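> Below, each chain spelled out in residue letters.
Protein chains: 2
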Amino acid sequence: MNVFVVGVGLIGGSFVKDLKAKMPKATVYGIDANAKHLEEALSLGLIDVIATYDELPLADFVMVSIPVDVIVQELPKILDRVHEGCVVCDAGSTKELLCKVLESHPKRRNFLACHPIAGTEFSGPSSAINGLYDGKTNIICEVEKTAFTLQEKALEIFKLLGMRIRYMNPKAHDKHIAYVSHLSHISSFMLGKTVIEKERNERDIFDMAGSGFESTVRLAKSSPAMWTPIFRQNKENVIETLAEYIQNLTEFKELLLKDDYEGIYNEMNNTNKIKTILKGLPAKKGN
Amino acid sequence: MNVFVVGVGLIGGSFVKDLKAKMPKATVYGIDANAKHLEEALSLGLIDVIATYDELPLADFVMVSIPVDVIVQELPKILDRVHEGCVVCDAGSTKELLCKVLESHPKRRNFLACHPIAGTEFSGPSSAINGLYDGKTNIICEVEKTAFTLQEKALEIFKLLGMRIRYMNPKAHDKHIAYVSHLSHISSFMLGKTVIEKERNERDIFDMAGSGFESTVRLAKSSPAMWTPIFRQNKENVIETLAEYIQNLTEFKELLLKDDYEGIYNEMNNTNKIKTILKGLPAKKGN
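Heads up: the protein sequence lines correspond to chains A and B, in order.
Per the working numbering, the first sequence starts with residue 1, numbered consecutively.
Per the working numbering, the second sequence starts with residue 1, numbered consecutively.
I should point out that these hints are in silico values taken from the structure, not numbers from a laboratory.
Hints are supplied without guarantee of correctness; some may be wrong.
Below, a list of computed lysine-lysine pairs in the DSBU-like style, where the Cα atoms sit at most 35 Å apart [what the hints assert, rightly or not]: (1) B:Lys100 - A:Lys253; (2) B:Lys171 - B:Lys279; (3) B:Lys253 - A:Lys171; (4) B:Lys36 - A:Lys273.
Now the stretches of chain B that chain A is said to cover, found in silico as 3 or more residues with beta-carbon under 8 Å [unchecked claim]: (5) 70–80; (6) 169–181; (7) 252–264.
Just so it is clear, the structure is predicted and the values come from calculations on it, not from any experiment.
Cβ atoms here follow ideal geometry from the backbone N, Cα and C, with glycine treated the same way.
Throw the hints in and build the complete structure from the sequences for me.
Encoded structure:
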């Protein structure tokens, strides 16, 4: 089986790392705009062969793991080149635009729109880790538009990697994910900004910050090149979540200004139920 | 040596857990308003003896680890009862009001105002863990107001537990800690609130949330009974940080509304330097 990975960073690299372990007979071809990343992926053993689009007709399975603005440009070209038994998946954090772009593609049935909810704040081939997808949710959109045998082929691989599958339409996906992922990143980036602006003396941050601060700003280490196009594609949903978040913060500030400490207690107490909600989450890393 | 711990929760419990390991000859007396917590602390081996304020004259070292609204009421009474060679420390997250309250106390020299930057989102004796303070910063305020021999005595214990010491005045402490700790908690609580309000179907949160969301809302599991009085005592600083945070979030929203993606990229790119700032933080748990 010939597996192609387009984009050999954290997401694609971790994907083929586990895949090679579970399917030792698979040959993994890597394609990337960054030649240095390809060399790195090869020397790390993530891929077996450095390839280009010219070799795509050899592919039986393609994972496209590149920033979402590039996915919408590249996926039509990738689909153009694959044979009819090949299934092409992506790992983008937005689904609506991509599904729209591919709507009338002659090889739409070869494409399976995916969003594995997994990642870390790091990027590049050297950040690839084993087991990144184990126990994680993979959201599949418009499954009915993919050829049935190709769905099966992809699901088999996802199962090998330990993923749980959820089906959702692209619009609902983009709306929900704005809340549980995109907003977290903005809240984290702006928290980092607020503290950095105030604490000119970095030594003070270092000395006074505990892991509470560290965990809330962890996502502020994420790649701007990856996240800018996500916010762009999911602009409307993200603005809606941001407005609600700002509103809730403003109300909390109002409670403080009014010395309404019973109100503040209740706000926190009501939100404590996040404990039980999060209890079911897998303990491993994943965005 | 007789060590007293007033408040046998996560903070006090973890403190004496390590202390007993490092100083096996110490006898640890526990005082708590919650009789069940005292029984629990005794059966967990965190304390050797259940005590009351009547036994305080026996104390050589007292750690007061109770919510900050109760500290300001109880610390004067505790100081009233200890002998002149005893040092009393606290672990509160606010320092200005407490130092003010104790300013003219006849036994002010027996008190050392401390804030060990350590904790988790959990509470109660059963959440006490080993090594909570190892490598963590302990901020000491108004050190010059404590008798020199008693400073030494306390520092020896802090050193045994692996803490690093920083000296700061109470006003500066409360201002800085609002940024690196109190604001993180509010940002996390309100993020949790925003998502819970929208995602009525908890199963959706559970399925779509990865550890990115999990780490940014971790602090929303924290105890409202502990945090309400902290926000109350540090109201002015907290309101200032909140206003700046809301302003930064609003500017980010404006950039999105204006489709200024270069601006959005730059915002994130500038904040990425949090990576190098956080690199020096100890990897272990701590608020």
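> With reference to the structure, classify each hint as holding or not holding.
How the hints compare with the structure:
1. This hinted pair checks out: Lys100 (chain B) and Lys253 (chain A) have alpha carbons roughly 25 Å apart, not beyond 35 Å.
2. Between Lys171 (chain B) and Lys279 (chain B) the CA atoms are separated by roughly 27 Å; this keeps the pair inside 35 Å, and the hint holds.
3. For a cut-off of 35 Å, the pair hint linking Lys253 (chain B) to Lys171 (chain A) stands: about 21 Å separates their Cα positions.
4. This hinted pair checks out: Lys36 (chain B) and Lys273 (chain A) have alpha carbons roughly 24 Å apart, not beyond 35 Å.
5. As drawn, the region 70–80 of chain B meets chain A at 0 residues by the rule of a beta-carbon pair under 8 Å; below three, the given contact is violated.
6. Requiring three or more residues with a Cβ within less than 8 Å of a Cβ of chain A, the coverage given for the region 169–181 of chain B holds, as 5 such residues are present.
7. Evaluation of the coverage hint for the region 252–264 of chain B: fulfilled, as 7 residues show C-beta separations to chain A shorter than 8 Å, against a requirement of three.
In this structure, the one hint that does not hold is number 5.
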